[in-house]
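Taking the hints into account, I'd like the entire structure generated from these sequences.
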Amino acid sequence: MPLIKFECDASIPEREKHCYIKKPGEDTTQYLPLSNIATIPGSLSERGCSYCGAKLVIGGVVKDAIQMIHGPVGCAYDTWHTKRYPSDNDNFQLKYVWSTGLKEKDVIFGAEKILRKSINEAFDEMPDVKRMFLYTTCTTALIGDDPKAVAAEVMAARPDVDIFVVECPGFAGVSQSKGHHVLNIGWMKDKVGTYEPKITSEYTLNFIGDYNIQNDTLLLTEYLEKMGIQVIAHFTGNTNYDDLCGMHRAKLNVVNCARSAGYIANELKKKYSIPRLDIDAWGFDYTAEGLRKIGAFFGLEKEAEEIIAEESAKWRPKLDWYKEKLTGIKMCIWTGGPRLWHWTRAVEDDLGIEVVAMSSKFGHQEDFEKVIARGRVGTVYIDDANELEFFEVIDMVKPDIIFTGPRVGDLVKKLHIPYINGHAYHNGPYMGFEGFVNMARDIYNATTSPIWELAGQDIRDLSYGNNTTEDIVELPSAEAS
Amino acid sequence: MKDKIEEVVNYIQERCLWQFVSRSWDREENIQGIMEMAVSLFNDEKVVLETDYDRCWFADAKIFISDVKRLFSWSKDLTKEESKALFTGVKDRMLEITVEKSRNEELNVPYY
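As given, the protein sequences belong to chains A and B, one line each in that order. Throughout the first sequence, residue numbering follows our numbering, covering 1 to 481 in sequence. Throughout the second sequence, residue numbering follows our numbering, covering 1 to 112 in sequence.
These are calculated hints, taken from the structure and not from any lab test. Any given hint might turn out to be false.
Said to hold, decoys possible - Derived DEER-like restraints, expressed as beta-carbon distance ranges:
| id | chain 1 | residue 1 | chain 2 | residue 2 | range |
| --- | --- | --- | --- | --- | --- |
| 1 | A | 456 | B | 109 | 47 to 55 Å |
| 2 | B | 81 | A | 448 | 53 to 61 Å |
| 3 | B | 85 | A | 201 | 39 to 47 Å |
| 4 | A | 448 | B | 51 | 46 to 54 Å |
Unchecked claim - Result set (DSS-like, lysine-lysine): computed pairs, CA atoms no more than 25 Å apart in a straight line:
| id | chain 1 | residue 1 | chain 2 | residue 2 |
| --- | --- | --- | --- | --- |
| 5 | B | 46 | A | 302 |
| 6 | A | 23 | B | 101 |
| 7 | A | 22 | B | 4 |
| 8 | B | 46 | A | 23 |
| 9 | A | 22 | B | 80 |
| 10 | B | 91 | B | 80 |
Backbone N, C-alpha and C fix where the C-beta goes; we use that ideal spot for every residue, glycine too.
As structure tokens, this is what we get:
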């Protein structure tokens, strides 16, 4: 039976519909795990909340806007600094955190006054910053505050500022995916078309679905600019608020992410007739293919080939060195959604690595169609995996390395299995030619490090130098001293 | 011909993101647009790129045809009529997998 039920799920048999092992000759018309539905009670999910999806993943990346979080201070703190997306303006968006800091009295008496005060305070404290993302949270959604009305009042009093309101409390959807959607579609509806960008090239595009993790965006932008292409908006890595308002002027949308990135591209297609080109920006061969496609669209094939040749000469020997060392190792990818299908063939083709298990926290069925079509026969595919399932999968596939987030990463580390942060990377960037060599280096360093074996030793039973456990002097007790 | 169609379909399944865009309407548009462009490119015919959509399908089809010619040695022996039959068959099979028989319940959701 291709859909599998883990032993740990005996009391939650519904989980069977979320877990799949690919068999020879099967395709996604036969089996497709359920996904993007509510977590089953009793399953220890690793998912995040919908507000987190909007703020931490998409909006919080924008480099020149205040990120005002209307709620208790924890909602702000827990979505600040936990993902590494730098910017070329001294990391403004990572250095500061803004919150209305709600308390019990605000819940009882309403918090619109404190919201108005906080917005004004933030703009007063940072007079050079004129843009703001304003997020609701569970608390302020439940008490019925109207942040759009407050934002409109402030904008009327301060005509030089602009505030984009994201009404996506944590409970709005089943996972962080809902937050991506609400922000993206809201942005398309309210903001795109409100700013006219300065056009500096006849070749213009928007790059949608890259969030500048450890400077991914800078690498990609360098390739595109060398080809003579103007990136009007990078959604949302290292980007300005106003640039994102000018997305309607691009001739092409290049999409690297999925679902809500695709949705904004689809809306731009319907409303402004801008076509959508999906590419993979991770992987050596994939990056070359993506540049060739962009080159073919604009008639810049020669320029694309020059960059591919230059980058290949520089990085291919290093990649090949790592491929020789890494061929045959077994890898798990337990991340959000798109990285499963971006990485599974890339690490196999470029590095000889076998991906033996994949789990998606918030992917939709579109993600599972992609990953099962690309992934290996015999590989385990899981939606919204719980901690006990991870234990069983580890026993089943015996991975050499696991790419996952810090939460599952701590579990993995305690089992002394090499772990790499699949969301924020260890030592990125990981995109592009150079990036995939960085990723290979991190895998090599992790899988050959002695730390994992050493961490498993119980040093209480070991001898050190001339000392043995018999030499350990018992300290006098407090009473005796 | 059926085996050849399946070989090309397997390649597309493993490699091409354009088959799995967000909704039925854009999957159909993409697959039809790229396969029409593929027939012309495969037979070295001049393609007319009037719109940005044409250019986008051309970009995907160009890489696709380059890979088909490189990966499948039998492709060089195909006549023009056979190539038309091949890509029509591939198009039908791709629409079957990604639209008609797809188990993706979001494909026909009108909103996001």
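Do the hints match the structure? See the list:
no., hint, result
1, 456(A) x 109(B): 47 to 55 Å, "holds, 48 Å"
2, 81(B) x 448(A): 53 to 61 Å, "holds, 56 Å"
3, 85(B) x 201(A): 39 to 47 Å, "holds, 42 Å"
4, 448(A) x 51(B): 46 to 54 Å, "holds, 52 Å"
5, 46(B) x 302(A), "holds, 19 Å"
6, 23(A) x 101(B), "holds, 19 Å"
7, 22(A) x 4(B), "holds, 23 Å"
8, 46(B) x 23(A), "violated, 42 Å"
9, 22(A) x 80(B), "violated, 37 Å"
10, 91(B) x 80(B), "holds, 16 Å"
Hint compliance for this structure: hints 8 and 9 are broken, all remaining hints hold.
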